[in-house]
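Participant: Produce the entire structure from the sequences given, and follow the hints as far as they go.
Chains U and P, in that order, are what the protein sequence lines are.
Take 3 as the starting number for the first sequence in my numbering and just add one per residue.
Take 3 as the starting number for the second sequence in my numbering and just add one per residue.
Some hints here could point you the wrong way.
Because identical chains share one entry, a pair is satisfied inside a single copy or across any pair of copies.
[Stated by the list, open to error] In silico BS3-like links for lysine-lysine, alpha-carbon gap of 25 Å or less:
1) Lys338 to Lys159
2) Lys411 to Lys389
3) Lys12 to Lys58
4) Lys363 to Lys159
The hints are simulated quantities; they were obtained by calculation from the structure and are not laboratory data.
Since the structure is predicted, the reported quantities are computational estimates derived from the model, not experimental observations.
Protein chains: 2
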Amino acid sequence: MNALSPQSYKGTRDYYPEDKRVQNYIFSVWHKVAMRYGYEEYGAPTLEPLDVYTAKSGQELAGEQTYSFTDRGGRIVAIRPEMTPTISRMVAARRQELAYPARLYSIANFMRYERPQRGREREFWQLNVDIFGSDGVLAEAEILTMADDIMREFGAKDTDYIIRINNRKLINFMMAQYFMLDGVKSQALIKLFDRKNKISDQEFEDQAREIFADNAEEGLQKIKRLLGAKNMADLPEEIKNSSVVNEVQELFTLLERAGIKSQVFDITLMRGLDYYTGMVFEVFDTHPDNARALFGGGRYDGLVGLFGAEQISAVGMAPGGTMMENFLSVHNLTPKSVSTTNAYIAVLGDYQKEANDLATKLRASGLNVEVDINSDKLDKQIKNAVKKQIRFVVFVGDNEVKSGVYNIKNLETTEEQQMNASELVDFLKENK
Amino acid sequence: MNALSPQSYKGTRDYYPEDKRVQNYIFSVWHKVAMRYGYEEYGAPTLEPLDVYTAKSGQELAGEQTYSFTDRGGRIVAIRPEMTPTISRMVAARRQELAYPARLYSIANFMRYERPQRGREREFWQLNVDIFGSDGVLAEAEILTMADDIMREFGAKDTDYIIRINNRKLINFMMAQYFMLDGVKSQALIKLFDRKNKISDQEFEDQAREIFADNAEEGLQKIKRLLGAKNMADLPEEIKNSSVVNEVQELFTLLERAGIKSQVFDITLMRGLDYYTGMVFEVFDTHPDNARALFGGGRYDGLVGLFGAEQISAVGMAPGGTMMENFLSVHNLTPKSVSTTNAYIAVLGDYQKEANDLATKLRASGLNVEVDINSDKLDKQIKNAVKKQIRFVVFVGDNEVKSGVYNIKNLETTEEQQMNASELVDFLKENK
Numbered sequence: 003m004n005a006l007s008p009q010s011y012k013g014t015r016d017y018y019p020e021d022k023r024v025q026n027y028i029f030s031v032w033h034k035v036a037m038r039y040g041y042e043e044y045g046a047p048t049l050e051p052l053d054v055y056t057a058k059s060g061q062e063l064a065g066e067q068t069y070s071f072t073d074r075g076g077r078i079v080a081i082r083p084e085m086t087p088t089i090s091r092m093v094a095a096r097r098q099e100l101a102y103p104a105r106l107y108s109i110a111n112f113m114r115y116e117r118p119q120r121g122r123e124r125e126f127w128q129l130n131v132d133i134f135g136s137d138g139v140l141a142e143a144e145i146l147t148m149a150d151d152i153m154r155e156f157g158a159k160d161t162d163y164i165i166r167i168n169n170r171k172l173i174n175f176m177m178a179q180y181f182m183l184d185g186v187k188s189q190a191l192i193k194l195f196d197r198k199n200k201i202s203d204q205e206f207e208d209q210a211r212e213i214f215a216d217n218a219e220e221g222l223q224k225i226k227r228l229l230g231a232k233n234m235a236d237l238p239e240e241i242k243n244s245s246v247v248n249e250v251q252e253l254f255t256l257l258e259r260a261g262i263k264s265q266v267f268d269i270t271l272m273r274g275l276d277y278y279t280g281m282v283f284e285v286f287d288t289h290p291d292n293a294r295a296l297f298g299g300g301r302y303d304g305l306v307g308l309f310g311a312e313q314i315s316a317v318g319m320a321p322g323g324t325m326m327e328n329f330l331s332v333h334n335l336t337p338k339s340v341s342t343t344n345a346y347i348a349v350l351g352d353y354q355k356e357a358n359d360l361a362t363k364l365r366a367s368g369l370n371v372e373v374d375i376n377s378d379k380l381d382k383q384i385k386n387a388v389k390k391q392i393r394f395v396v397f398v399g400d401n402e403v404k405s406g407v408y409n410i411k412n413l414e415t416t417e418e419q420q421m422n423a424s425e426l427v428d429f430l431k432e433n434k
Numbered sequence: 003m004n005a006l007s008p009q010s011y012k013g014t015r016d017y018y019p020e021d022k023r024v025q026n027y028i029f030s031v032w033h034k035v036a037m038r039y040g041y042e043e044y045g046a047p048t049l050e051p052l053d054v055y056t057a058k059s060g061q062e063l064a065g066e067q068t069y070s071f072t073d074r075g076g077r078i079v080a081i082r083p084e085m086t087p088t089i090s091r092m093v094a095a096r097r098q099e100l101a102y103p104a105r106l107y108s109i110a111n112f113m114r115y116e117r118p119q120r121g122r123e124r125e126f127w128q129l130n131v132d133i134f135g136s137d138g139v140l141a142e143a144e145i146l147t148m149a150d151d152i153m154r155e156f157g158a159k160d161t162d163y164i165i166r167i168n169n170r171k172l173i174n175f176m177m178a179q180y181f182m183l184d185g186v187k188s189q190a191l192i193k194l195f196d197r198k199n200k201i202s203d204q205e206f207e208d209q210a211r212e213i214f215a216d217n218a219e220e221g222l223q224k225i226k227r228l229l230g231a232k233n234m235a236d237l238p239e240e241i242k243n244s245s246v247v248n249e250v251q252e253l254f255t256l257l258e259r260a261g262i263k264s265q266v267f268d269i270t271l272m273r274g275l276d277y278y279t280g281m282v283f284e285v286f287d288t289h290p291d292n293a294r295a296l297f298g299g300g301r302y303d304g305l306v307g308l309f310g311a312e313q314i315s316a317v318g319m320a321p322g323g324t325m326m327e328n329f330l331s332v333h334n335l336t337p338k339s340v341s342t343t344n345a346y347i348a349v350l351g352d353y354q355k356e357a358n359d360l361a362t363k364l365r366a367s368g369l370n371v372e373v374d375i376n377s378d379k380l381d382k383q384i385k386n387a388v389k390k391q392i393r394f395v396v397f398v399g400d401n402e403v404k405s406g407v408y409n410i411k412n413l414e415t416t417e418e419q420q421m422n423a424s425e426l427v428d429f430l431k432e433n434k
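Facilitator: Written out as structure tokens, the structure reads:
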């Protein structure tokens with residue numbers, strides 16, 4: 003038989019301990035901020051019936067990017083490409099029992115069949131934070147406040163990121179009343195704005211011309227005027243007439259009151275997915291090496307209703323792990339990598355039993371301890387501890403067993419100290 | 003359009019917050035014990051090429067129970083039904099860089115297309131603990147000690163479970179030297195022993211007769227003698243002649259020295275998977291309502307080598323979440339369900355801003371706080387907090403805003419107290 007490939011499946015990633023530590027740090031910040039606002043964790047299946055996505059997620063995601071297949075029982079299923087339809091289904095299933103607003107979060111993996119590139123993998127991890135059963139801007143402000151809090155908790159400064167905010171109702175109003183487009187052309191222009199940062203200016207103009215057809219010049223002028231607007235006051239009068247403007251202004255007032263400084267209104271922000279119905283937002287990295295959307299979210303009031311339940315309003319967001327990892331990296335915010343193991347016990351000579359006994363004692367005190375069991379040479383044992391990024395090595399040999407006094411070495415400073423077993427416990431607990 | 007079904011995909015489970023809390027408790031014990039012994043967490047892809055499983059996992063698992071399909075690029079892949087092949091692949095990929103013994107663990111989900119039943123779901127969660135690059139019984143003793151420690155950490159008594167231990171080399175010796183069977187018949191008898199607890203005594207006898215064919219009576223006598231052996235001393239002399247017996251005895255000496263009391267030797271324990279090469283074990287629940295194998299593991303020295311690397315020895319185990327949940331349930335060991343949210347702020351009247359400000363203050367002190375944003379009636383707000391299993395409600399209304407003294411209610415005892423904001427912080431932190 004030929005050897006099997008040791009490589010991971012295309013677009014997926016093996017997280018060795020040093021990689022997993024970074025991921026765990028990101029997860030820990032997500033958990034902390036979500037719980038801080040009273041959100042409770044849930045878990046969900048990896049597979050869903052494919053039609054859960056075809057209903058509202060948009061053709062690209064459901065039709066071209068899902069890992070879908072027919073199971074052994076003839077059901078057409080997909081590995082979840084996102085969480086929003088799943089959590090909407092779960093809320094629909096318990097709509098009578100849940101307490102509203104229901105504040106829910108999860109940290110889970112997803113798969114999309116896309117071309118792998120920087121910040122985009124076929125399997126990726128996301129935090130999903132959603133609030134169900136709250137109609138007003140207070141719910142939207144809460145989600146945006148949490149988005150900002152996540153960035154701050156990672157150590158980011160206000161100027162390291164920008165939160166672009168828009169509203170789907172305002173977009174729809176603009177398409178009909180300002181651009182004077184019908185439904186089909188509106189959708190096309192929305193998708194075009196969505197791709198704006200991924201294509202050249204010339205491509206954007208060409209495609210816009212196609213959409214406006216006979217009214218191309220006028221349409222392009224209107225787009226130009228729009229792109230020049232730096233805040234709500236700059237907007238063309240035809241858009242400012244919308245009643246949604248008040249709602250947007252109210253939201254910005256709440257954000258200012260919450261002490262948030264990175265928010266801007268951006269009429270050209272669309273968000274690709276079909277299910278958004280109100281506020282939409284995206285958090286952008288301002289670092290020139292990583293100038294891209296980190297994550298986003300918005301209001302999607304129609305999704306729970308698809309599962310045979312009455313409508314239940316919803317606002318949510320979904321920060322991704324890889325994007326966050328890149329953000330931390332370019333801003334020098336990734337924490338130093340240290341093992342979760344507090345000490346490595348090196349065995350010198352025939353003292354395995356004594357080493358094991360010491361390990362048992364340290365573990366009983368709440369310490370994480372690895373003990374050598376391979377009778378390797380001392381320098382190899384120390385090298386192992388260094389490779390594993392463990393800070394302290396405790397030696398168990400002739401001297402230690404006879405005297406009950408252990409030699410302990412700090413591998414970062416190379417400093418050595420001697421102490422008995424109970425001093426060792428105290429020292430290692432203090433230096434966790 | 004017809005409504006979509008709100009049910010989860012067959013054999014999978016929605017974990018609402020109260021279910022997720024139990025799972026998180028199980029995960030926390032797993033993390034704690036794994037790290038205690040110096041194991042470090044890794045993560046791995048959900049998909050693997052199917053041939054990773056066909057190579058060594060056995061026909062039933064790879065051929066009949068995988069969720070396998072062809073991806074959009076023509077690759078035949080499977081949702082992982084177990085972790086052992088994946089972590090073996092990962093070790094093979096970094097065989098030069100890793101420090102040995104490599105102690106690795108993960109907590110991850112898996113899928114198998116089986117008939118769902120009590121304690122068995124099509125999607126399930128497992129801890130995987132593995133040690134690579136250590137040949138001796140010390141590594142086996144460490145894994146078994148951790149298995150025992152997990153049970154104790156969950157609050158189980160020695161008598162609540164039993165650890166059955168055997169050795170594949172001894173099994174192979176027995177098949178050839180005691181039962182005098184060739185390779186094919188040996189495999190058949192191993193599989194039959196493996197199913198023993200799932201079929202009737204009569205079925206077992208019938209199938210054994212088939213395997214022994216002309217020597218059926220003698221074969222059945224030998225099986226009977228074997229099943230009567232309660233410890234190693236009782237074993238037939240032909241088996242005791244094996245050199246593996248010393249190895250097994252050494253392992254039991256180490257376990258006794260580690261203070262473990264639930265271990266027994268069981269010559270009839272086989273473990274279904276093809277990749278085991280030495281020690282194998284299973285932990286059984288002794289409770290009459292749940293008398294079944296909770297989890298198991300063993301030595302599998304040949305798997306890393308399949309990925310084109312030199313052989314690297316390995317011992318591991320994989321406790322499952324659902325089995326553990328049932329164990330905790332029948333032994334009354336499931337912890338009381340309490341929200342991760344420390345307080346619910348109820349808003350009385352037009353004081354949303356003041357309520358939000360108090361929430362911000364409490365959150366800044368490290369507390370998890372949910373605040374009402376729906377202007378619901380007070381009794382509805384309190385009902386929400388009760389449903390969500392939050393312990394304390396803090397009221398923000400006329401009196402509180404005027405006086406700066408808040409009313410706080412313990413929903414378990416119905417006791418109410420008054421305190422100012424900084425007293426509130428201290429009180430809630432003490433009562434986390």
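Participant: What hint numbers does the structure not satisfy?
Facilitator: Result: no hint breaks.
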